[in-house]
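With the hints as extra help, turn the sequences into a complete structure.
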Amino acid sequence: MTASSRVQLFLNYLLIVLCSLIAIYPLIGVVLASLYPTGPGVAPSGFALPPTFQWENYATAWRDGEFAASFTTSLIVAVVMVPASVLLSVLGGYAFATMRFRGSKAIFYLFILGLIIPTEATIVPLFYDVRALGLIDTYWALIILETSGEMAFGIFWMRAAFLSAPPSLLEAARIDGARSWTTLWRIMVPFARPAILTLTVLTFADSWNEFFLALVFTINHMTAPAGLASFSGRFTTDVALVSAGAVIVAIPILIVFVVFQREFMRGMLTGAVKG
Amino acid sequence: MDPAPEVGSLARTTILGSRRKPKPERLPGEARRIGYLYVAPAFLLYAAFNLVPLGQGINVSFYDWDGVTPGTWVGARNYTEFFTDPAITSGYVHVLQLMVFYSFLPIAIGLFLAAVLSRIRIRGLTFFRMLLFLPLVITDVATAVAWIWMYDVDGPIATALRAMGLGALVPDQGWLGDFTTALPAVGVFGMWGQFGFCLILFLAGVMKIPASLYEAARVDGANAVREFFAVTLPGLRYELQVVLVLTVIGTLGTFDEIYVLTGGGPGTATTVPAYLVWRRAFQVGEIGSAAALGIILMLIVFAVTFVLNKVMERGGEA
Amino acid sequence: MARVVFDGVTKRFGEVTALREFSLEIADGEFMVLVGPSGSGKTTALRLLAGLEALTSGEIRVGDRVVDRLAPRDRDIAMVFQDYALYPQMTVFQNLAFALKMRKMPRDEIDRRVRHAAEMLHIEELLGRKPRELSGGQRQRVALGRALVREPQAFLMDEPLSNLDAKLRVQTRTEIKHLQEQVETTTVYVTHDQVEAMTMGDRVAVMNEGVLEQVGDARSVYERPANVFVAGFIGSPAMSFATVHAERTGDSLVLTRGELSLAREVAGLDGIPAEVILGIRPEHTRLWTDGERLLGPIAGRAEYVEMLGRETLIGVLTAGDQRFTVHAEADATVKPGEQVRFGLEPGKLYVFDVESQKALGTV
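Residue numbers (my numbering), protein chains in the order written: chain U, 11 to 285; chain W, 142 to 459; chain G, 69 to 431.
Pairs of lysine-lysine, DSBU-like flavour, derived with a Cα cap of 35 Å:
| id | chain 1 | residue 1 | chain 2 | residue 2 |
| --- | --- | --- | --- | --- |
| 1 | G | K198 | G | K169 |
| 2 | W | K451 | U | K115 |
| 3 | G | K426 | G | K245 |
| 4 | G | K172 | G | K245 |
| 5 | G | K403 | G | K235 |
| 6 | G | K416 | G | K403 |
| 7 | U | K115 | W | K349 |
| 8 | W | K349 | G | K198 |
| 9 | G | K245 | G | K235 |
Output of the computed footprint for chain W on chain U, the stretches with three or more beta carbons under 8 Å from beta carbons of chain W:
| id | stretch |
| --- | --- |
| 10 | 55 to 68 |
| 11 | 210 to 220 |
Computed footprint of chain U on chain G, listed as stretches where at least three residues anywhere in the stretch have a Cβ under 8 Å from a Cβ of chain U:
| id | stretch |
| --- | --- |
| 12 | 135 to 141 |
| 13 | 145 to 151 |
| 14 | 155 to 168 |
Calculated from the structure, these hints are not laboratory results. The beta-carbon is built from N, C-alpha and C at its ideal position, and this holds for glycine as well.
See below:
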């Protein structure tokens, strides 16, 4: 390797390490900050280690932030919403990809519309609709709204995944005598397993991270992000404690991300195809 | 020979009116109506909780309503307020300013870095990619909380500045509490969140550009800058379009971080359209106006998407 | 009875007519090859038979049952796809058994059929593997096996050999033919490779631009082509063509063009038009030697010389701008650019009508 390209390689590594540090510094910093003594006072400077590692802060934050409750809510919502959303997307995407029926194009475009309709456009009437249904502050409100909110992307994603199957595969199934339901579950779903996994992971992330809907539709049964926002609002001056809360809320999705990195990347990078 | 198929298709086209496009023929034994069954659950849910409320929202937007007493019809007043109400206009001005941080700067930085980093392959890229993606993966409520600490008067940024003798730059109320610095502070938060994504996307795109193009440019005597404009930038046209649309649309909908970082303040220094919708609907009680603002936001998103796509397509042909 | 009959089948895709009044009768147990260049309609015909496309007009019968309205699953046909279309997440066994499961066949019957087919194709050890673990040749056998287990009235094969390398192709060719002879199932086989067609088909149907040009066994299609297209498509290296002036003088037919002049005594061909297309296969040409009974000589310049081992092919350009591919012995020493003289074997010249392109006879 030549000297100049070695210098270049070194600079490259330097650059990317620098960028990565910038990306994670606030996150590492907030973890350190969470270990400081709690109570109102001077915020940690971010350049010194805490005098002692006060791990008890996490227990305190968990208790005071009522995260047991909000985690449970988030979990219940996600556990119901993710499979439902993925299932509906698989069914719909399959139909759009493999069947021809009148108006299918129009219906599909209606779904695509959902990709650019911002939540704010429908949040106001939605609130009153949900209230009329008596579902304010329930798990169902979040489950239903998050699921319907995922339909646009989910259908788009699964349709694209199923379209990538070679047409001869579907033709072979037709000749073999498989009907649409069998073809879907015995052939297409196994074929599209990576795409389905990616969708599942992304949908889970969207659900866990959802804040706006939780803010509007829950009061006492908050999800984790909403619980954190409330916690932060109540203990604004206690930097250590609030930081602990933030870390608590971030951990589950962090774990999922580390385990399913590949799916996240694939989803976020190729999902950006819809422009 | 059975003439029926010909007649049938002729009848179909005339009965359903003249269509320029011939209808797709029915394949023997093809599943047709069952398609509706597969799509129905998703569509019904979507229609009920996305499309219908949209219509309702449009309806409500023409009224002056407090959510409790019956509303009064005001026609397009909630919409004309877009031009007259300073709160609304300032909200959009703010997102335009935020766009610099959320969209243009991360894209520029991402492009530059991708061009620099592409020249030599880096090992362990997966690990770095993971780190660079983290800011976007974690819920923005949590990352915003982290930045509340970052911007604290005794937090890391302030401490670092003081150590460099630039302590005067730290506002008394902290960056988030100061009228002039609050919005840029939110902007920097956004930039921090987006730049990793842009970098990774552009890096992936750059790696797809065939090395032969760079070699040809080098043979033609191009230096690094020329290479960038002649090979890298055109090669990233698609990713550029995607990122531009995503980040611009994303900025228009900014809400979570405003709520957590500044609550729209100080004063109205950091109000954005989405926050305005929420506040008017759920705090102030101007439901009709809030609905209209939501619709306006949607229309602007549509328009921006359309324009951006058209511009990028035209630029591609050039 | 598993005859397959295409009766006046026409298929239009919008403005394009892919298949025009296609009529063909395939006998029970016959191995019929549909051959032609891309766009000839051969694949369309196969897909119409399979039920993967709907016909615009005409009728298709399988075993005396009209099938055009039936779904593929009800037509009692099995298909081997060009890319094999194996179900990627199923084992070979499951792939073979799938269609039978769809028909709710009892487990032991499925088992018996699958193992029997696996035996015939020598893939018993592969039954537990997944398609991605198999080589191209093995996948192809599984694709064949999938059709075999169905025991249908007809096999449909869509260029099954085109994804194999040349050597494997030759080997598999004979195997497929043997297999078909064993099971005696009517087979419709599509290919663009005329060598495959000639070696495998009981009969060959030559197609071009949606039209059936000629159908017959290999020998008749080769020795008695019905028109210019068939004559030029079948046989490799291809027949050489030249447009010449024809004139009957007494008992002889004289073909002339520029410096080229051939005369031969022939009977028949009385109403021959003034201009015809002359065709001669390279193997019926020879470098000129005075002793032999050859028509000619024809003189020209060697444009290229191909040494093929068992023979040498010389591309000759005559003064009249006609091109001929001439056969020479393996040890011929002609070099490109040289002048050559060659002759044609009498009785092996074909004459075709210039307008209709139809064969008029041999000279």
